[in-house]
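Asks: Quick one: dock chain against chain with the hints and give me the complex.
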Amino acid sequence: MNKYLKEFLHRGLMFGGFGPIILGIVYWILSVAVEGFSLSGGQVCLGIVSIYLLAFVQAGASVFNQIEEWGIGKSLLVHFLTLFVAYSGCYLLNTWIPFEPMVLLIFAAIFIAVYFTVWLTVYFIVRATRNKLNHQLK
Amino acid sequence: MKCKIIIDPSREEEILVYAQKTSPLTEAIERLAREEESTWIGYGKESIVPLDPKEVLCFSVEGNKVYAHLEKERLWMKCRLYQLEERLPEEFIKINQSCIANCKKIARFEVSISGALRVVFRNGYSDYVSRRQLKFVKERFGIL
Numbered sequence: 013m014n015k016y017l018k019e020f021l022h023r024g025l026m027f028g029g030f031g032p033i034i035l036g037i038v039y040w041i042l043s044v045a046v047e048g049f050s051l052s053g054g055q056v057c058l059g060i061v062s063i064y065l066l067a068f069v070q071a072g073a074s075v076f077n078q079i080e081e082w083g084i085g086k087s088l089l090v091h092f093l094t095l096f097v098a099y100s101g102c103y104l105l106n107t108w109i110p111f112e113p114m115v116l117l118i119f120a121a122i123f124i125a126v127y128f129t130v131w132l133t134v135y136f137i138v139r140a141t142r143n144k145l146n147h148q149l150k
Numbered sequence: 008m009k010c011k012i013i014i015d016p017s018r019e020e021e022i023l024v025y026a027q028k029t030s031p032l033t034e035a036i037e038r039l040a041r042e043e044e045s046t047w048i049g050y051g052k053e054s055i056v057p058l059d060p061k062e063v064l065c066f067s068v069e070g071n072k073v074y075a076h077l078e079k080e081r082l083w084m085k086c087r088l089y090q091l092e093e094r095l096p097e098e099f100i101k102i103n104q105s106c107i108a109n110c111k112k113i114a115r116f117e118v119s120i121s122g123a124l125r126v127v128f129r130n131g132y133s134d135y136v137s138r139r140q141l142k143f144v145k146e147r148f149g150i151l
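Here the protein sequences come in this chain order: A and B. Position in the first sequence counted from 1, then plus 12, gives you my numbering. Position in the second sequence counted from 1, then plus 7, gives you my numbering.
A portion of the hints provided could be inaccurate.
[To be verified] Here are the simulated DSSO-like pairs of lysine-lysine, each with C-alpha atoms no more than 27 Å apart in a straight line: (1) Lys142(B) x Lys61(B); (2) Lys150(A) x Lys111(B); (3) Lys52(B) x Lys85(B); (4) Lys144(A) x Lys145(B); (5) Lys85(B) x Lys15(A); (6) Lys150(A) x Lys101(B); (7) Lys101(B) x Lys142(B).
These are calculated hints, taken from the structure and not from any lab test. Model, not experiment: these values are computed from the prediction.
The shape of chain B in the complex, shown without the other chains (with noise of 0.2 Å):
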């Protein structure tokens, strides 16, 4: 069987296999595949770390990248929020377009003066929560 691997930072990374049936081959790449996506890797600057998403304070998308936010460092997922917010524990609620946070990890909400509700999470990071998802929030709090 033929096998090229394209390096190209600035494509999803997928895998696509053409084959006339399932064999031993297809169900290993499956399996593999199945794994790498269950594990949840962070990257740093110089480092490569495995996840717990329940240590995560949230996810956030800047400049077109994924960011895990923890207590004292932030790391880069290979991954598109979308693709986190399926995958994500229940404790996980989305509280703008580029934001998913961990209601576990939320120190206190804020009033900006826009009249915004802001929330900051234990690292003393904060974002946000958007008209579209106040709703939702107000009904994971048991509020509404």
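With the rest of the complex left out, here is chain A (with noise of 0.2 Å):
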């Protein structure tokens, strides 16, 4: 088996478990502020599978970043496409968002925005620590 596959295998695996967590923190938030919050066990149920591969997804993509043999653009850009069509794929299965053009223009806008700014803030704080440790190495 390739090794990245088998990298994007077995961080899934073991991140994966942390999205129904965080699920069901949020389903416990929505049941205590929103009065007459409920949701059938088909609704539940869709909604933990999905979220389960959602962070699977989450977790496996990132070892398309160590891939070697890709430059920075092809590794972001497969990084990216990959989180927008499960992060996508599961709010329209879960109908957190409707499937309307205007929205889905919306939905685009706001995950290229979170996504370039964590990524730049990451960068840029590394790249700190980065700068910090070379000057104690000379």
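Replies: What follows is the structure, given as structure tokens:
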């Protein structure tokens, strides 16, 4: 088996379980905050399964950034598209957003903004650490 | 005394002696075992090389085997990474679950696109610093 595919599955299996835990917390908050909040068994089941798969893909996709044969552009694009398809699919499947062009457009805009904000924040924090460490090496 | 040596490449090497009391023989076995432990031996394709740990850039695990990375070659070590960790001098630091780096042989640090910190050694070999070990690496270099 390709070592990256193996690593994808390994990471997915390790962290996939965190998705349903977070979903459970969100459901609990909603039940406390929203009067009359209730879900059918089917909705809960769909939520748990889809969030598990979402967390699985999210964790596994981090391996794309370590494929040395890929350049920065390809790695980022594949990582971004994988997460976008997984998130939008999960949101639509659970009817957390309606299947309407304008809503999908707004969802995509928010997703892009959040994705690159997080990426840039992490990148610049680690870059600052790198600069300090390289300074100490001299 | 009965003597039995089992050659099994899949087993971790150990010497086990049953004796009713210590004797010159058990003491000699102990001494030999200690000498063997304090010697650093690396195995190449066709060579067995005594190692000076200070010349090693890093020790890494690849496919269940531990390798010592030198400037120009990579040697197989017949021991586990945790066993090395206990015996290595203080310039070595664990940078992730499968790599122990020699701080004095690091060429530079780099940032990967995933936001992970990478260590590049003097021979060009590189490995990443895990989030768990980042704190200890920062401490070692005095930036925490």
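Asks: Run every hint past the structure and note whether it holds.
Replies: Hints and how they fare:
no.	hint	in the structure
1	Lys142(B) x Lys61(B)	24 Å, holds
2	Lys150(A) x Lys111(B)	11 Å, holds
3	Lys52(B) x Lys85(B)	14 Å, holds
4	Lys144(A) x Lys145(B)	9 Å, holds
5	Lys85(B) x Lys15(A)	24 Å, holds
6	Lys150(A) x Lys101(B)	21 Å, holds
7	Lys101(B) x Lys142(B)	11 Å, holds
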